[in-house]
Every structure is written in C-alpha cells, then in structure tokens.
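Under our numbering, the residues of the sequence shown are numbered 1 to 472, in order.
Because the hints were derived from the structure by calculation, they are not lab data.
Treat the hints with care, since some could be wrong.
What the hints assert, rightly or not - Straight-line distance between alpha carbons at most 20 Å, and here's what the computed EDC-like set of lysine to aspartate or glutamate pairs gives:
(1) Lys272 x Asp232
(2) Lys113 x Glu133
(3) Lys272 x Glu261
(4) Lys272 x Asp221
All values reported here derive from a predicted model rather than from experimental measurement.
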Amino acid sequence: MACAIVWFRNDLRLDDNPALRAALAGGYLPVPVYIHAPQEEAPWAPGAASDAWRHRSLAALDAALRARGSRLRLFHGPTLPALQSLVAISGAEAVFWNRRYEPAVERRDATIKRTLRRQGVRAESFNGALLLEPWELATRQGDPYRVFTPFWNAAQAALRPPRTWDAPARFDPLPDDADVPEGVSLAGLDLAPPRSWDEGFWRRFTPGEAGARAALQRFLDQALTGYATRRDRPDLDGTSRLSPHLHFGEISVVRVLAALEASTAPAEDIAKFRAELGWREFGHHLLHHFPDTPARNLDRRFDAFPWARPDPRALDAWRHGRTGIPIVDAGMRELWATGWMHNRVRMLVASYLTKHLRLHWEHGARWFWDTLVDADLANNTQGWQWSAGTGADAAPYFRVFNPVTQAARFDPEGAYIARWLPELAALPVPLRFAPWERPGLLARAAPRYPRRPLVDPAAGRVAALDAWRRSR
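Given only the sequences and the hints, what does the whole structure look like? Please build it.
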C-alpha cells in the first residue's frame with residue numbers, strides 16, 4: 001500500500017483536516033510530518049510566545065496520532081529539500097498539506113508544489129483554515145473589498161452549510177519494513193522557553209485539539225449567551241478565547257460555525273460571534289490582496305504621516321505596563337503574564353501607542369507578534385492598522401479612544417485594573433481610571449506606580465488631531 005506525506009503546519013488537528021482526509025480517501029498510508037523552518041517565514045518568523053504554544057500543540061498532536069496507531073515525525077528545514085528527501089527515502093507517491101496565506105509562505109509553498117509536481121510527485125493543497133478562500137470574493141467592479149460590512153454581507157451570501165469530518169479512530173500502520181526517517185525529538189526543535197517564562201500561559205490555555213474542543217464547549221455553555229453585550233467587558237469572562245486554537249488550526253472554523261448553528265443561544269449573540277469569525281476572514285482577504293500591509297499602510301495617504309521619533313524609554317514603558325494609564329498598563333501586564341489580551345483592551349493600548357504617543361503602529365505590531373499566543377499575521381496587521389486608522393476603515397486616524405472614559409465604561413468597578421495592577425486595588429474605583437488626579441493618595445497607596453501618564457489623554461488627543469490635520 002502506497003504512502004503519502006501529510007505535511008502539518010498551522011493545522012495541528014486530526015478532525016476536519018482536508019489534507020489528512022485526502023490521503024486517506026486516496027487509499028494512502030498517511031505519514032504525518034512537521035518541518036520546522038521559521039527562517040522561511042521572514043520577516044515575520046514566529047515569535048517567542050508562538051513557539052511556546054507550538055511546542056505543546058505538537059506534543060498534543062503526536063499523542064493523538066499515537067493513540068490511533070501513528071506518530072508525528074519532526075524535521076528541521078529547509079522545507080523543500082526535507083520533503084524531497086522524505087519522498088525519495090519513503091517512496092511516498094504524494095504530499096498533501098493545508099494552505100497558509102502569509103505572503104512569504106504562499107510564495108514558498110507555490111515553489112514547493114511546482115517542484116514536486118515536476119518530479120512526478122502528486123502535490124496538493126487544501127483550504128483547512130478559512131470558511132472562504134481569500135480570492136473567492138470581489139466587489140462588483142472585480143476589486144478586493146476594503147470595508148468589512150459589504151465584505152461580510154457578500155461572504156454570508158456565499159457561505160455553504162458547514163460540514164465537519166471526524167478522523168478515523170485508527171490508522172493502518174506503516175509496514176515494518178517501511179523506510180521513513182525517524183526525525184528529531186520535539187526538544188530538538190528548541191521551541192520551549194528555557195526559563196519557563198510561559199508558565200502563566202497554561203493556567204488559561206491548553207494547547208492542542210482536545211484543549212480547543214474544551215474551549216469551544218466552555219464558550220457555548222458559559223459565554224455565548226450574552227456575548228453581544230459582555231464581549232467588550234474585560235472584567236468578565238465573556239469571550240471565546242478561541243483565537244490561538246484557530247490560529248494553530250487545533251479546531252476548524254467550520255466546526256466552530258457548525259456549533260454556532262446548532263446553538264440555542266439568542267440570535268443576536270450568535271450573529272455577533274459570527275461577525276467576529278467574519279473579521280478573521282476579512283483579515284486574510286486583505287492580507288492576500290495587499291501582501292505588503294504588514295509593513296505598509298493600506299491607506300497610502302498615511303505614508304507621509306508625521307509619526308513621532310521613537311523614544312526608547314516611552315516604548316519600553318508601554319511594553320511593560322508603565323505608561324501611567326491604568327487600563328493600558330493592565331492590558332500590557334495581562335499580555336506579559338498570559339500571552340493574551342482582551343480585544344477591547346487591545347484597541348485601547350494600540351490607540352494609546354499610535355495616537356497619544358504617536359508612534360508608528362509597526363512598533364506595536366512587532367511587540368504583539370512576539371508576545372501573543374494568537375499572533376496571526378492577517379489579524380495582527382488588520383488590528384493594528386485599524387487602531388492606527390491607516391487600514392481598512394471608514395473612520396481613520398481621527399478616532400482617538402479616551403482610555404479613562406473607556407475604562408470607566410467597560411471596567412466599571414475597576415476590577416480588571418485591580419487584577420493586573422494590584423498596587424491600585426486600594427484606590428477608590430473612580431481613581432483607578434485616572435489616579436494622577438489625586439497624586440498624594442496615589443503616592444501613599446502605590447508609591448512605585450507612575451505619578452503621571454507619559455502623555456495626558458486630553459493633551460495627547462489634541463496633538464494627535466493636530467498631526468492628522470497637518471498631514472492632510
């Protein structure tokens with residue numbers, strides 16, 4: 001019986017895996033492999049938090065395969081020579097994989113597919129990450145969408161009923177005389193942090209397909225009802241926290257959509273979460289059609305915008321939660337401790353960096369890329385350009401969030417701030433939002449917390465709008 005290489009990447013699951021399904025449907029014995037070649041993803045090679053998650057997710061995938069009579073073989077890149085060697089040694093007739101959409105990866109994968117096919121190897125890729133391919137939708141003029149609402153309207157009209165697929169309980173084993181390289185150990189990939197700085201991540205997340213399924217069930221049972229109103233509250237457990245599981249492909253978006261359609265939660269809550277899945281689709285649509293946006297403004301009018309000269313001390317204070325703006329600092333400390341940040345707070349910390357400090361959004365995008373466990377190039381780029389007002393948005397740079405009023409609105413008891421800034425927990429609730437208004441009390445309650453913000457919210461807004469007017 002012939003074998004086929006099933007090349008795992010950001011699709012670290014067995015169920016709803018089109019590449020694995022194709023190998024089995026073709027009558028092949030699947031040989032699951034993972035090839036570690038981060039340098040091929042430059043200039044956006046995975047960050048440290050992503051590596052920490054991948055280490056555990058690969059271990060979980062290998063355990064799931066072993067429970068089915070198979071195993072995951074790990075290799076170092078470069079990828080094309082590694083695949084060619086595997087095909088030559090094992091005699092594999094085919095290589096199957098699921099598509100990724102980052103520009104550098106798309107170019108590499110296209111080269112791999114052409115090369116393998118020229119060498120007589122069946123090479124096929126599949127959509128295992130999205131509801132719709134990024135190139136499937138276009139405006140009436142044939143152009144890519146640049147505004148979310150018409151994109152999502154068109155997407156929903158084109159969506160097909162979600163169909164899930166469960167992997168078999170057992171895989172036929174490779175014959176005893178099969179000549180397949182053993183590969184390297186998981187530790188040999190050097191993904192796990194050497195000093196266990198990621199320990200706090202795993203009190204919140206469980207990487208792997210089983211962890212993803214549990215996270216989805218928890219969301220359906222505990223947070224979907226009321227999602228439309230609770231999702232903006234960082235002090236509540238009102239979000240799905242599925243983003244890292246979706247990024248690493250530990251659960252398919254098709255399965256998530258199917259679970260939504262089977263839910264009895266209120267229609268407005270289901271529609272709101274569907275729209276969040278739509279934003280994920282939109283991010284990939286934009287990245288595919290505008291592949292330079294991880295480094296360039298989608299709205300080219302901002303190419304000459306007068307960003308401030310980076311101040312290393314201010315940037316470091318922002319990164320480590322020392323801006324003097326409690327809601328911003330709480331978000332950055334949550335990120336550092338858990339590898340994740342509530343989406344409303346992401347918008348606030350991004351707005352403060354790009355509007356009040358007036359620093360280029362790529363400084364923030366790079367920091368998020370290294371510290372988020374759900375660092376996804378499409379979503380990270382879209383989120384930062386949206387916050388900076390330079391991307392796909394009908395309300396560009398002049399939208400400036402007031403972090404004080406936003407905190408009072410979405411963290412009304414100051415509970416989120418107190419959780420991540422325990423030094424401020426002794427302050428009366430109103431002062432948790434703007435502690436510089438009572439400097440004496442702040443000095444007594446939190447002597448090590450900044451006495452004043454890096455940039456006052458009101459003054460920063462005025463300066464930001466003045467810069468925007470000058471740039472026009």
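Please flag the earlier hints that this structure goes against, numbers listed from lowest up. none
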